[in-house]
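Engineer: Chains as they are written, first to last, in the numbering used here: chain S, 1 to 238; chain A, 1 to 175; chain E, 1 to 545; chain F, 1 to 182.
Derived by calculation from the structure, the hints in this document are not laboratory data.
By construction, the Cβ of each residue, glycine as well, lies at the ideal position given by its N, Cα and C atoms.
Be aware that a few hints might be false.
The calculated DSS-like cross-link candidates involving lysine-lysine, where the alpha carbons are at most 25 Å apart (straight line), are [said to hold, decoys possible]:
1. E:K40 to A:K34
2. E:K18 to E:K146
3. A:K39 to E:K105
4. E:K43 to A:K34
5. A:K34 to E:K348
6. E:K474 to A:K123
7. E:K477 to A:K123
8. S:K59 to E:K348
9. E:K273 to A:K111
10. A:K49 to E:K40
11. E:K43 to A:K111
12. E:K85 to A:K168
13. E:K43 to E:K85
14. E:K85 to A:K159
15. A:K159 to E:K273
16. A:K49 to E:K273
17. E:K257 to A:K159
18. A:K27 to A:K39
19. E:K273 to A:K34
Simulated restraints on C-beta separations [stated by the list, open to error]:
20. S:G163 to A:K89: 31 to 37 Å
21. E:L532 to F:A124: 29 to 35 Å
22. S:E16 to E:Q189: 25 to 31 Å
23. E:E489 to A:E52: 51 to 57 Å
24. E:P242 to A:A93: 16 to 22 Å
25. A:E52 to E:K257: 42 to 48 Å
26. E:M36 to A:A93: 41 to 47 Å
27. F:K108 to A:E175: 37 to 43 Å
28. E:D347 to F:M99: 29 to 35 Å
29. A:E52 to E:M36: 42 to 48 Å
30. E:S263 to S:K7: 49 to 55 Å
31. A:K89 to F:R176: 57 to 63 Å
32. S:E83 to A:E119: 35 to 41 Å
Here is what each chain is made of, one letter per residue.
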Amino acid sequence: MSVKTLKINGVDIAIEEGATVLQAARQAGVPIPTLCHLDGVHDVGACRLCLVEVSGTRKLLPACVTEVAEGMEVQTNTPKLQEYRRMTVELLFSEGNHVCSVCVANGNCELQDVAIQVGMDHSRFTYRFPDRAVDISHPQFGIDHNRCILCTRCVRVCDEIEGAHVWDVAQRGAACYIVSGLNQPWGEVDACTSCGKCVDACPTGAIFRKGSTTGEKERDRAKLDFLVTAREKHEWTR
Amino acid sequence: MQAVTKTTQATPKPAKSDHPSGDRRFKTLDMTMKRHQYKPDALIEVLHKAQESFGFLEEDVLTYIARGLKLPLSKVYGTATFYHLFSLKPNGAHTCVVCLGTACYVKGSNKVSAALEEELGIKLGETTADGKISLMAARCIGACGIAPAVVFDGTVAGKQEPEMALAKVKDWELE
Amino acid sequence: MDLTELLDVGEAHRAAQKATRVHCCTSTGCRAASAMEVFKNLKTAVQDAGLEAEVEVVGVGCMGFCGRGPLVQIDPQQALYEEVKPEEATSIIDTLQGGTTPALKGDLQHPFFARQVKIVRQHSGKVDPESIEDYISVGGYRSLYKAIYEMSPGEVVDEIIASGIRGRGGGGYPTGLKWATVAKMPGDQKYVICNGDEGDPGAFMDRSVLESDPHLVLEGMAIAGYAIGANHGFIYVRAEYPLAIQRLQKAIQQAKKYGLLGSQIFDSPFDFKVDIRIGAGAFVCGEETALIQSIQGGRGNPIPRPPYPAQSGLWQCPTLINNVETLANISTIIREGGAWYASIGTDKSKGTKIFALTGKIRNNGLIEVPMGITLREIVEEMGGGVPDGEVKAVQTGGPSGGCIPASLLDTPVDYDSLVAIGSMMGSGGMVVMDQDTNMVEVAQFYMEFCRGETCGKCVPCRTGTVQLYALLTKLLKRQATQADLAKLESLCHMVQETSLCGLGISAPNPILSTLRYFNEEYQELLQPPAYLNGKVGHGQVTVSQ
Amino acid sequence: MDKIKFATVWLAGCSGCHMSFLDLDEWLIELAQFVEVVYSPVGCDLKHYPDNVDVCLVEGGIANEDNLELILQVRRQTKILISFGDCAVTANVPAMRNMLGGAEPVLKRAYLELGDTSPQLPYAPGIVPELLDRVLPVHEVVPVDIYMPGCPPPADRIRATIEPLLHGEMPAMVGRDMIKFG
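Could you build all of it, start to finish, from the sequences and the hints given here?
Structural biologist: See below:
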């Protein structure tokens, strides 16, 4: 396999052909914030947090789906990118009802972490306060749409790893929401195997284990990694 | 054609996908799905046919399609709700679609829609409580040359003043 | 079928034609003004007058002057009648025998008609869109024959490159380059998609082309298929265009019957079939990757490019996606040659473009003009200006375009000039606005559209459009401050630069262009911050938000 | 050296931020050497918000007419206004009523639907301030100079925010210790 060399923030990096800019950055220890990316499932390039500047193009490119190329020069943290990332996170906070203080994921939430990472001390955008539902019909889990950022990690993990395709996205635009089955209560969807992968995949407190209260959500992210490695490389031990 | 011969057999054996209700409209769906070789890619084509035959997409129909095309339920629901033309609720006996495209907007279609909303006591996108009239908005029906345009039960009417549209709708109300 | 047979069909059809043809428009616009009744009455009138031997009434596609429909034109006399009422049909036929008619006489020498250069619309309003023989009789499918038998696929691509034609769907990507890319891709299975999801409000060029001359588009698709090595094409049409769909269906059947679509076209090894896919009401499906998702039966969510559809499109196969108007140019380019086509238009924008001229303008309708004509020529000469008042702005490019102020009416209409002034060619909507139009309201109108049409996949477009709409609403309620206006502008840039697809990237254009040219209308709406009580406060604000 | 005129106000919040402020413990004594507390529900008994306040910590969102009146006055009469805690910064828990859509449905839900004995809407003009339709974060009403999130902000964060101000410097509101919500 051939190797490509590129520069990220001025640092030389060599990585195998076909790798993404995000993988290259991680290998080099350059932090790029992400929300919709999840190792092991396909990338959708939807959250736009991982946008980077690549010399030679005026367009900002999502690191998660942009393949490395020979001689590529990438900037991951220019003032413009910092500003746009912060705005993106502010937009996410203003779109849902994210009340960290009463959330199961407080202290263990990727949205909260990203807010800190991008330096968001407040949202300049008006909170929308949408009227969203909570579904606790499943015996073990619940989904609180107020906390959902529509990253679709649950949709992909359920389809691509578990193979159950319980979830999908319904409606469009601001009305989009994660739907289970034929818009049925989650607990009534036959396809659900109660495997809990969506709980582990959810970056926020939107999908949670019932019975956990503020700040108690824990997720075993390593389990998903393990499963993917096991299937792809046939390594069935941790 | 095969579907027709099947029904004329002495002891008709229902095809696997047949709907237990025996509703003929499901047969139409079967034929559409068969024409597309039950490929999951045909979902939108089949939804169009279902909407045409049933008037709207009820749960039963969506489940039937999901089974026929071997698709997850959530995917069928997600796709059906993505597109404006698919309706999961029944429409009124009459439909009145106000075009809100740019040319119509510049020529005052918002006044037409406001007048209709007031007359019918419903908002765009809603159906009157008696199920008689659905009031809808279109992004652009491409009849910009005769703006503002309104579509009454599928027939395009151009250069509409609020009074003209009201007169038409009032006729329906009297029916 | 071979060439002789094709020529014979045309010849026989011409021979059977009557000396006088009464063309009556039966397209959507005129139908809404009872054109079908006029059509029926004209036929009866011909019978009643006993003129069947020398006169025929033909239902045709769009003649362009949609604002004055129904239109009737008698040829070869070149007599045009506008706003024809059903009861005027008899007297119009009477004129053929020296009678007179009260029907409104049109003026074909008016700049609205005289300044047009018709390539795509060459047969519109002249041929019966439901008759393949009519199309063949005016030279139809000859270019397809020429491509298959007289040119290699590579030569066809070269001809398109030489023509300099750029995509008519809005972006203006060089068509020849796109064809060459797909042609070069490895793989046995490739597809041609004709994008007929004309969603821009205020635009109906593609509808008119499909309704008036469906075979022209089908022929273009087949030539494209031959050039890039595809044997299957899809034509994606909005469900809002039922007549276009109906006529296309008929056209495909007729072409199949004559062996002009399907297997072994013109008895050559080239196969090409065309299927129609009907949209279901989603503007975003005009975006090529969303359109592909939709053809594959899914939500119309765009996916990141690269890979471009040319590399990996429909079912991961190399796919050529062209707009209706682009494909409708192909047959003529092959017939007349790329060099001929390149002689029309400007240096970087070749050929002609159809515009839907609507809004506050005297002459409403469709016009096909050479690239490089100025907006002023279109609006004032051809369009006849604003009925009562003056042009304030011209909107081009729909929700992705911008509002051009009257002061820039001398801008030539070509891809690059329009982008330079903050708008875009778009698919061809051209909406004229006068002094009664509030530009902030126009920006809000477009943002409402984008907010409702965003697919919801990427964050900036899904939530940014909502926030932009809210800020414009706040402005119009006279509750916004200077800080809000600054926020509006910075959010516009953010949505433009970070959105996943063209919808989001271009959604802020109507705001940015009105901010640029009509800034005073925004300023007038601003309020001082409430805490100042209308005056400068004693509190010193060190950091403002 | 003149002391810094220091104030704290309590709008729509639970007073938890003020409790956290009191958690500064012995540092409060140090703070007292630098500041003169001119208005505060926990620090002094003055009833009127004075002119020329240097620094004001604002706890809570803007939920009613009273909050609105006070915050406008605070802004006019204060140099550095600090949004103190999540309710001030995001409107937080008090704003969860916003999802119901407005003041009227909230009052109906609280006083009529859930009223056990004699359900009635509160009405006491001039005594009970009217609810605003929406609970707003402070910066939606007036400009804010420093945002200090947290529910409540831990005492260390409060100190790290105020301490630089005592020396005429602005605090750096970055990193998990300073700007984590919740």
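Engineer: Is the distance from the Cβ of A:E52 to the Cβ of E:M36 consistent with 42 to 48 Å?
Structural biologist: violated (23 Å)
Engineer: Below or equal to 25 Å on CA atoms is what counts here, so check E:K18 against E:K146.
Structural biologist: violated (30 Å)
Engineer: If you draw a straight line from the CA of E:K273 to the CA of A:K34, is it 25 Å or shorter?
Structural biologist: holds (19 Å)
Engineer: With a cut-off of 25 Å on the C-alpha distance, tell me whether A:K49 and E:K273 pass.
Structural biologist: holds (22 Å)
Engineer: Between E:P242 and A:A93, is the Cβ distance one that fits in 16 to 22 Å?
Structural biologist: The hinted range 16 to 22 Å holds for E:P242 and A:A93, with Cβ atoms some 20 Å apart.
Engineer: Need the status of pair S:K59, E:K348: alpha-carbon distance at most 25 Å?
Structural biologist: Roughly 23 Å separates the two Cα atoms, so the pair holds.
Engineer: Would you mind confirming whether the straight-line C-alpha gap from E:K477 to A:K123 stays at or under 25 Å?
Structural biologist: holds (21 Å)
Engineer: Using the beta carbons of A:K89 and F:R176, state whether their distance is inside 57 to 63 Å or not.
Structural biologist: Taking Cβ atoms as reference, A:K89 and F:R176 lie about 48 Å apart, which means the hint is violated.
Engineer: Starting from A:K49, check that the Cα of E:K40 is at most 25 Å away, please.
Structural biologist: Violated: A:K49 and E:K40 sit about 32 Å apart, past 25 Å.
Engineer: CA of A:K159 to CA of E:K273, is that 25 Å or under?
Structural biologist: Given that 25 Å is the threshold and the Cα spacing comes to 40 Å, the pair is violated.
Engineer: A:K34 and E:K348: Cα distance at most 25 Å?
Structural biologist: With Cα atoms ~49 Å apart, A:K34 and E:K348 exceed 25 Å; violated.
Engineer: Taking 25 Å as the top limit, are the C-alpha atoms of A:K27 and A:K39 close enough?
Structural biologist: The given pair, whose Cα atoms are some 17 Å apart, holds under the 25 Å limit.
Violation of the numbered hints given earlier is confined to hints 1, 2, 3, 4, 5, 9, 10, 11, 15, 17, 23, 25, 26, 28, 29, 31, 32; the remaining hints are satisfied by the structure.
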